[in-house]
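Sequences listed follow chains F and L, in order. So in the working numbering, the last spot in the first sequence is 115, and the numbers never skip. So in the working numbering, the last spot in the second sequence is 1110, and the numbers never skip.
A few of these clues could be false.
What the hints assert, rightly or not - Interface residues of chain F toward chain L, partial, derived using beta-carbon atoms under 8 Å:
(1) Phe-7
(2) Val-38
(3) Lys-41
(4) Phe-45
(5) His-48
(6) Asp-56
(7) Met-60
(8) Tyr-74
(9) Phe-91
(10) Val-103
(11) Ala-108
To be verified - Over 12 Å on every C-beta distance to chain F, these chain L residues come out as not near it, computed from the model:
(12) Ala-1017
(13) Leu-1046
(14) Arg-1090
(15) Leu-1098
(16) Ser-1102
Everything labelled a hint here was simulated from the structure, so no lab data went into it. Keep in mind that this is a model prediction, so the values were computed, not measured. All residues carry an ideal CB built from backbone N, CA and C; glycine is no exception.
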Amino acid sequence: EAGVTQFPSHSVIEKGQTVTLRCDPISGHDNLYWYRRVMGKEIKFLLHFVKESKQDESGMPNNRFLAERTGGTYSTLKVQPAELEDSGVYFCASSQEIPGANVLTFGAGSRLTVL
Amino acid sequence: AQRVTQPEKLLSVFKGAPVELKCNYSYSGSPELFWYVQYSRQRLQLLLRHISRESIKGFTADLNKGETSFHLKKPFAQEEDSAMYYCALRGYTGRRALTFGSGTRLQVQP
């Protein structure tokens, strides 16, 4: 079984540019989460999809961030325009909705560096 | 608001010494508590969860509701335990996403 796949593994862009991160969850996992870890700080929740619907986007920092999950399969997270403080590692995780056993599987992360 | 606090950024011990990674939480209600681990060049992965009440790789963690703590313990540390450890919390209702602490780096020296 393939795990959660994220692309790119590392992206270096200049302030003001646009970057799109992609996450392919484990097949059959309805739940998809985006998290971000800024250097030295905690892993912060960004948003949660259930299939193609945004269940919770309370962690999205501002309207420069746009997440989509068309068709309920893979998801993209676009940052436009990128700012210096957006640098960090963006993690995606997926899970099945099984009561009492909803365990998240994480991807390797996409490291974003904004110069 | 829910919050997870890991007071130590770095914990360094010698091989064979006991380890305790501290985790305190704030949550109005009964939460699910987890420990996740990230070994060098590997993905973040689940180590254990409080409802399982099991020992994984020699690690255990007990949920203490009175002290709102979920400390991770191992009686004898091994070099391969060196990693970044994150405590995380999730409510049984409402938001289903995990809330993470800032992590503790465990270094086990030979």
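Each hint tested on the structure:
Interface hint at Phe-7 (chain F): violated, since its Cβ lies 14 Å from the closest Cβ of chain L, which is beyond the 8 Å cut-off. Hint on Val-38 (chain F) is violated. Least Cβ distance to chain L is approximately 10 Å, over the 8 Å limit. At about 6 Å, the closest approach between the beta carbon of Lys-41 (chain F) and any beta carbon in chain L falls short of 8 Å, and the interface hint on this residue holds. For Phe-45 (chain F), the interface hint holds, since its Cβ comes within 8 Å of a Cβ in chain L; the closest pair sits about 4 Å apart.
Among the interface hints, the one on His-48 (chain F) holds; its C-beta lies about 5 Å from the nearest C-beta in chain L, closer than the 8 Å criterion. Proximity of Asp-56 (chain F) to chain L holds as hinted, the smallest CB-CB distance being about 6 Å (cut-off 8 Å). With 8 Å as the threshold, the beta carbon of Met-60 (chain F) stays out of range of chain L, its nearest partner Cβ sitting at about 12 Å, so the hint is violated. Violation of the interface hint for Tyr-74 (chain F) is found here, the shortest Cβ-Cβ separation to chain L being roughly 18 Å, above the 8 Å cut-off.
With a cut of 8 Å, the hint placing Phe-91 (chain F) at the interface with chain L holds, because the nearest CB-to-CB distance is about 7 Å. Hint on Val-103 (chain F) holds. Least Cβ distance to chain L is approximately 6 Å, under the 8 Å limit. Annotation: Ala-108 (chain F) was flagged as interfacial toward chain L, and the flag holds, the nearest CB pair being 5 Å apart, inside 8 Å. Non-interface call for Ala-1017 (chain L) relative to chain F: holds, since the shortest CB-CB distance, roughly 26 Å, exceeds 12 Å.
With 12 Å as the threshold on Cβ separation, the claim that Leu-1046 (chain L) sits away from chain F is violated: the shortest Cβ distance comes to roughly 6 Å. With a closest Cβ-Cβ approach of about 8 Å to chain F, Arg-1090 (chain L) is found to fall inside the 12 Å limit, against its non-interface label. Not every CB of chain F is more than 12 Å from the CB of Leu-1098 (chain L) (nearest about 7 Å), against its label as outside the interface. With 12 Å as the threshold on Cβ separation, the claim that Ser-1102 (chain L) sits away from chain F is violated: the shortest Cβ distance comes to roughly 4 Å.
The structure is inconsistent with the numbered hints 1, 2, 7, 8, 13, 14, 15 and 16, although it conforms to all the rest.
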